[in-house]
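*Asks:* Residue-level listing of the chains:
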Amino acid sequence: KAGVTQTPRYLIKTRGQQVTLSCSPISGHRSVSWYQQTPGQGLQFLFEYFSETQRNKGNFPGRFSGRQFSNSRSEMNVSTLELGDSALYLCASSLEPASIFHFGNGTRLTVT
Amino acid sequence: DQQVKQNSPSLSVQEGRISILNCDYTNSMFDYFLWYKKYPAEGPTFLISISSIKDKNEDGRFTVFLNKSAKHLSLHIVPSQPGDSAVYFCAASARDSGYALNFGKGTSLLVTP
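Chains as they are written, first to last, in the numbering used here: chain A, 220 to 331; chain B, 17 to 129.
Treat the hints with caution; some may be incorrect.
Interface residues of chain B toward chain A, partial, derived using beta-carbon atoms under 8 angstroms [stated by the list, open to error]:
#	residue
1	Glu58
2	Gly59
3	Pro60
4	Phe62
5	Ser65
6	Arg77
7	Phe105
8	Gly114
9	Tyr115
10	Ala116
11	Leu117
12	Phe119
The following label-pair restraints were derived from C-beta to C-beta distances [to be verified]:
#	chain 1	residue 1	chain 2	residue 2	range
13	B	Asn23	A	Thr233	34 to 44 angstroms
14	B	Gly114	A	Thr331	32 to 42 angstroms
15	A	Arg286	B	Lys84	14 to 24 angstroms
16	A	Ile231	B	Ala86	43 to 53 angstroms
17	A	Arg292	B	Ser28	37 to 47 angstroms
18	A	Gln273	B	Phe62	17 to 27 angstroms
19	A	Thr257	B	Pro98	21 to 31 angstroms
20	A	Glu301	B	Asn73	40 to 50 angstroms
21	B	Ser85	A	Thr226	42 to 52 angstroms
22	A	Arg286	B	Pro98	34 to 44 angstroms
23	A	Arg282	B	Ser85	39 to 49 angstroms
24	B	Asn23	A	Asn278	35 to 45 angstroms
Calculated Cβ distances over 12 angstroms to all of chain A for the following chain B residues [what the hints assert, rightly or not]:
#	residue
25	Ser24
26	Ser26
27	Val29
28	Ile34
29	Ile36
30	Thr42
31	Asp71
32	Glu74
33	Gly76
34	Phe78
35	Lys84
36	Ala86
37	Ser90
38	Pro98
39	Pro129
Since the hints were derived computationally from the structure, they do not count as laboratory data. Using N, Cα and C, we set each Cβ at its ideal position, and we do this for glycine too.
All chains, full assembly: derive it from the sequences and hints.
*Replies:* Now the structure itself:
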């Protein structure tokens, strides 16, 4: 069974631009969560989608948004990029919200 | 504020010995705890979990202990192997907050031959 797939693996953007990251969950998994990892803050929860609905959201500004499609694939978008948005963005999927989450290898975003 | 804390950024253990990784939490609503292992350039890999109704869970060389009164959990690896060298993250979740994972900042384990 294929794992969680995140694309692209690396991305370089400039301040003010916007970016879209993609996540394909494990087949059959309906819950997708996004996390941001930075050296200073560690791994922080961004949001979770289940059956195309955002069911949970972390403490991030509105510039961070996401969506989930009917095939459970998910995208997250960051608008008006800031230097502090440079981070590893990790997607995780599970059968349902109360199940074990399995992570992808992440997208490394660098904002210059 | 950090609700899950791993106070040891790094740990070095000899091959064959026991590795003990510790984790403390502050939120008494947490009812599910997990350990993830992370190699460089890869995402975290699920290792073992424990529900708050238990105080111990074992899976092969890995055992997690939970002390709810002390709000403390630990991961024991016996015997430690060089391939166990990685960063270990402790995570906690609560049904009341939708099972979002709250992570510690990780402990880097080095197992030397």
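*Asks:* Going through the earlier hints one by one, which of them does the structure break, listed in rising order?
*Replies:* Hints 6, 15 and 24 not satisfied by this model.
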